[in-house]
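Asks: So the sequences go chain by chain: Z and A. Residues in the first sequence are numbered consecutively from -12, following my numbering. Residues in the second sequence are numbered consecutively from 3, following my numbering.
These are calculated hints, taken from the structure and not from any lab test. Hints are supplied without guarantee of correctness; some may be wrong.
FRET-style restraints, in silico, Cβ to Cβ [unchecked claim]:
{"hint": "1", "chain 1": "A", "residue 1": "294", "chain 2": "Z", "residue 2": "61", "range": "53 to 59 Å"}
{"hint": "2", "chain 1": "Z", "residue 1": "72", "chain 2": "A", "residue 2": "23", "range": "56 to 62 Å"}
{"hint": "3", "chain 1": "A", "residue 1": "62", "chain 2": "Z", "residue 2": "31", "range": "32 to 38 Å"}
Listed below are the simulated DSBU-like cross-link pairs for lysine-lysine, each with C-alpha atoms no more than 35 Å apart in a straight line [what the hints assert, rightly or not]:
{"hint": "4", "chain 1": "A", "residue 1": "73", "chain 2": "A", "residue 2": "361"}
{"hint": "5", "chain 1": "A", "residue 1": "103", "chain 2": "A", "residue 2": "113"}
{"hint": "6", "chain 1": "A", "residue 1": "147", "chain 2": "Z", "residue 2": "61"}
{"hint": "7", "chain 1": "Z", "residue 1": "63", "chain 2": "A", "residue 2": "113"}
{"hint": "8", "chain 1": "A", "residue 1": "143", "chain 2": "Z", "residue 2": "14"}
{"hint": "9", "chain 1": "A", "residue 1": "147", "chain 2": "Z", "residue 2": "60"}
{"hint": "10", "chain 1": "A", "residue 1": "135", "chain 2": "Z", "residue 2": "-11"}
{"hint": "11", "chain 1": "Z", "residue 1": "54", "chain 2": "A", "residue 2": "240"}
{"hint": "12", "chain 1": "A", "residue 1": "294", "chain 2": "A", "residue 2": "253"}
{"hint": "13", "chain 1": "A", "residue 1": "240", "chain 2": "A", "residue 2": "103"}
{"hint": "14", "chain 1": "Z", "residue 1": "13", "chain 2": "A", "residue 2": "135"}
{"hint": "15", "chain 1": "Z", "residue 1": "60", "chain 2": "Z", "residue 2": "13"}
From the three backbone atoms N, C-alpha and C, an ideal C-beta is built for every residue, glycine too.
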Amino acid sequence: MKIILITAVWCTSCLIMKPRYQELAKKHNITDFIELDFDMDEEDVESLNIGNTLPVCIMIKEEKEVKRVIGEKKVKDIEKIFEDLSHE
Amino acid sequence: MIFAFHNKYGIIFAVNKGGIIMIYLDYSATTPVDNDVLNAFCEASRSLVGNANSLHELGIKCQSRILQDSKDILKNLGLDDKQYEIIYTSGASEANNLAIKGYLERFGTDKHIITTNFEHPSVTAPVGYLQNKGYQIDFVKINKKGLVDLVDLERLITDKTILVSIVSVNSEIGIKQPIAEIAMLLKKYPQIVFHSDITQSIGKAQEVCANIDMMSFSAHKFYGVKGVGALIKKKEIKLIPQIHGGTSTSKYRSGTPFHPLIYSMAYALQLATVNFDNRYQKTKTTNDYLVKELSRIPQVRINSNEYAIPHIVNFSIIGKNSIEIVEYMSKKGIYISNHTACSSKQQMSLAVYNLTEDKGLALSSVRVSLSHLTTFADIDALINAIKEMVN
């Protein structure tokens, strides 16, 4: 699985969610983990059509987007998403 | 082109090219410069022509002026000049960056910072920058009234915690934090430096600054000139400068001392202090009127609560988008904000969402910010425009 995580340094939800995603990616041995900055990586972010709520976590399997998680979520909720996708 | 000015009677005359009267209700974004403050800036620019770093007589004169201004600023904030020093900056954003990055970067990345989700982006962004470098970050819980949960704050403190940064007044909802209580609690932990962004409370709330270790602000929020602010800190706190280039008014911030701006800021603060009670009461009266009138409109939900300063009223108009509301009002010549002017890329107000946990309210919220210059006629015009919009 590949993960693209879009955050911004000024966004509190991003600061809360970023370590959670990093931890889960580590736990599930996801090495293809790309982090994009909403402001600094503007061109790459624009092509992903992410809307106006941050952070955005895009999960990709076999070159296809399989899940998009937007905003602040509880650890157990994203843990479940990671587990479900790992077992698919 | 919009012409706006603030005359000696305290009235704003603001007209656009077509001669339509403008109603300014965005005083938390910035205030119009007071004419006397602007004159003070011009006078200091003309009369004090030297560089305060020069050793000759003109330089010494400028240096003396800055020393006197620093004493005056500290006195007006109730601070002891033996204990505190001022680092002059371009504004609160620079001061917040210097306080947070400048302090943390002296230590290893195993250190820990505690802040809130009510901060201005100029606090959250340096904290985010430090998180990217490996520092540990925690956000203290905010209770249902929007106040820092002191029990949670104490629970988060570890032996690695070296900085707590908590805003005195949130810029979007206006909630004032119990800064004196927080400072007292943190006194038990001598390894922790307490920083507060006091930008929205200076001149608007009776802040007790005495137990804060570092505080940041901008002059343009209290009728000063734009482009000047300060970080006030206890003398024993060491920082890594963010602008290098040799000692200036402070070894922590290089650059030619901008003494006319500093003088004008000291003068604006003097006026804000002397006129505090009068300005506060006038604002409170217009706030009461605005809240009463807003409460009569069924589609309006007021997000600011009893802990908010009277200068800020945040409310949502159900079924409308905040950008749509701001644009509608702007066409009517009424200037309000959807949220803090420094984070315009995100449509939703994070502060309203963090307080209410209601995305609908956060997406439809706007901030009206008042001043002693606001009149009942300004409020009537706003209320009429809201009624027109919802009907």
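Asks: Would you mind marking each hint as holding or not holding in the structure?
Replies: Cross-check of the supplied hints:
no. : hint                     : verdict
1   : A/294 / Z/61: 53 to 59 Å : violated, 40 Å
2   : Z/72 / A/23: 56 to 62 Å  : holds, 59 Å
3   : A/62 / Z/31: 32 to 38 Å  : violated, 54 Å
4   : A/73 / A/361             : violated, 46 Å
5   : A/103 / A/113            : holds, 12 Å
6   : A/147 / Z/61             : holds, 22 Å
7   : Z/63 / A/113             : holds, 27 Å
8   : A/143 / Z/14             : holds, 27 Å
9   : A/147 / Z/60             : holds, 22 Å
10  : A/135 / Z/-11            : holds, 23 Å
11  : Z/54 / A/240             : violated, 47 Å
12  : A/294 / A/253            : violated, 51 Å
13  : A/240 / A/103            : holds, 12 Å
14  : Z/13 / A/135             : holds, 18 Å
15  : Z/60 / Z/13              : holds, 18 Å
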